[in-house]
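From first to last, the protein sequence lines are chains S and R. Quick note on numbering: the first sequence equals residues 1 to 110 in the numbering used here. Quick note on numbering: the second sequence equals residues 1001 to 1116 in the numbering used here.
Warning: the hint list may mix true and false statements.
What the hints assert, rightly or not - In the SDA-like style, the derived pairs of lysine to any residue whose C-alpha atoms are separated by at most 25 Å in a straight line are: (1) R/K1040 <-> S/T23; (2) R/K1071 <-> R/N1026; (3) R/K1041 <-> S/D83; (4) R/K1071 <-> S/G42; (5) R/K1067 <-> R/V1088; (6) R/K1040 <-> R/S1005; (7) R/K1019 <-> R/T1059; (8) R/K1041 <-> S/T47; (9) R/K1036 <-> S/A85; (10) R/K1041 <-> S/Q44; (11) R/K1036 <-> S/D3; (12) R/K1044 <-> S/S27; (13) R/K1019 <-> R/W1112.
As the list claims (entries may be wrong) - Across the chosen pairs, the derived CB separations fall in these ranges: (14) S/S11 <-> R/K1009: 22 to 32 Å; (15) S/T25 <-> R/S1065: 27 to 37 Å; (16) S/D16 <-> R/S1065: 46 to 56 Å.
To be verified - Examples of chain S residues lying across from chain R (beta carbon under 10 Å, computed): (17) G40; (18) L45; (19) F100; (20) G101.
Derived by calculation from the structure, the hints in this document are not laboratory data. Note that the structure is predicted; figures quoted are calculated from it, not measured. Built from N, CA and C at the ideal position, the CB exists for glycine as well.
So you can see what is in the structure, the chains are spelled out below.
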Amino acid sequence: GEDVEQSLFLSVREGDSSVINCTYTDSSSTYLYWYKQEPGAGLQLLTYIFSNMDMKQDQRLTVLLNKKDKHLSLRIADTQTGDSAIYFCAESQAGTALIFGKGTTLSVSS
Amino acid sequence: DTAVSQTPKYLVTQMGNDKSIKCEQNLGHDTMYWYKQDSKKFLKIMFSYNNKELIINETVPNRFSPKSPDKAHLNLHINSLELGDSAVYFCASSPLAGVFSGNTIYFGEGSWLTVV
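Based on the sequences and whatever the hints tell you, model everything.
Rendered as structure tokens:
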């Protein structure tokens, strides 16, 4: 099975906040990442957080990390239709490669 | 200018054929990767090269052979294609080997391979 778990779908209305959750299993992971994949496109790094941090904010994005529970979340404030995409949580294992979750498809309706 | 470019973007081919996907990065990075995204959107590392040397080789059928003629290029050759090889293959690069702060991994746009 996969090491990184995410819910598969999230549907929100434009202007609402979106919260995408992720759990990981490798307690030695030092960095955790959020990538965005728009339809037919590659992966774009949105943000990352170091494991000694609890929170990181970058404009509309807020990342929360609960290391005890191995839980990572991405909050998108004032969600727009252009935010519709697949969001991948990823962890660095053994410092050599990224291990991705299955992705959460975010659908934003106007 | 595209940082990580891969060709072709779309490829439809018959079972049993041999095909290659090419990847080039113009970022001056030392490390390049191939990831496979299956029909369920799951992304998995296949190979990683650091300065032309193989450093990650996950459990991948030996029909898949990466080749790095120089550190700016990492090509993926697939022999005797099977239906299950249908997927999106992403090339990526990073300044250094290893995943750490500042060592952002940049992905290409993906190559959609369909085996019929």
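Results of checking the hints against the structure:
1. R/K1040 <-> S/T23: Roughly 19 Å between the alpha carbons, so the hint for R/K1040 and S/T23 holds.
2. R/K1071 <-> R/N1026: 10 Å, holds
3. R/K1041 <-> S/D83: Given that 25 Å is the threshold and the Cα spacing comes to 18 Å, the pair holds.
4. R/K1071 <-> S/G42: 21 Å, holds
5. R/K1067 <-> R/V1088: It holds: about 19 Å lies between the C-alpha atoms, which stays within 25 Å.
6. R/K1040 <-> R/S1005: Roughly 24 Å separates the two Cα atoms, so the pair holds.
7. R/K1019 <-> R/T1059: This hinted pair holds, its Cα atoms lying about 20 Å apart.
8. R/K1041 <-> S/T47: Between R/K1041 and S/T47 the Cα gap is close to 20 Å, so the pair holds against 25 Å.
9. R/K1036 <-> S/A85: 19 Å, holds
10. R/K1041 <-> S/Q44: This hinted pair holds, its Cα atoms lying about 15 Å apart.
11. R/K1036 <-> S/D3: 16 Å, holds
12. R/K1044 <-> S/S27: 20 Å, holds
13. R/K1019 <-> R/W1112: 12 Å, holds
14. S/S11 <-> R/K1009: 22 to 32 Å: 29 Å, holds
15. S/T25 <-> R/S1065: 27 to 37 Å: 31 Å, holds
16. S/D16 <-> R/S1065: 46 to 56 Å: Holds - the Cβ-Cβ distance for S/D16 and R/S1065, about 48 Å, lies within 46 to 56 Å.
17. G40: 8 Å, holds
18. L45: 6 Å, holds
19. F100: 4 Å, holds
20. G101: Because about 8 Å separates S/G101 from the closest Cβ in chain R, which is inside the 10 Å limit, the hint holds.
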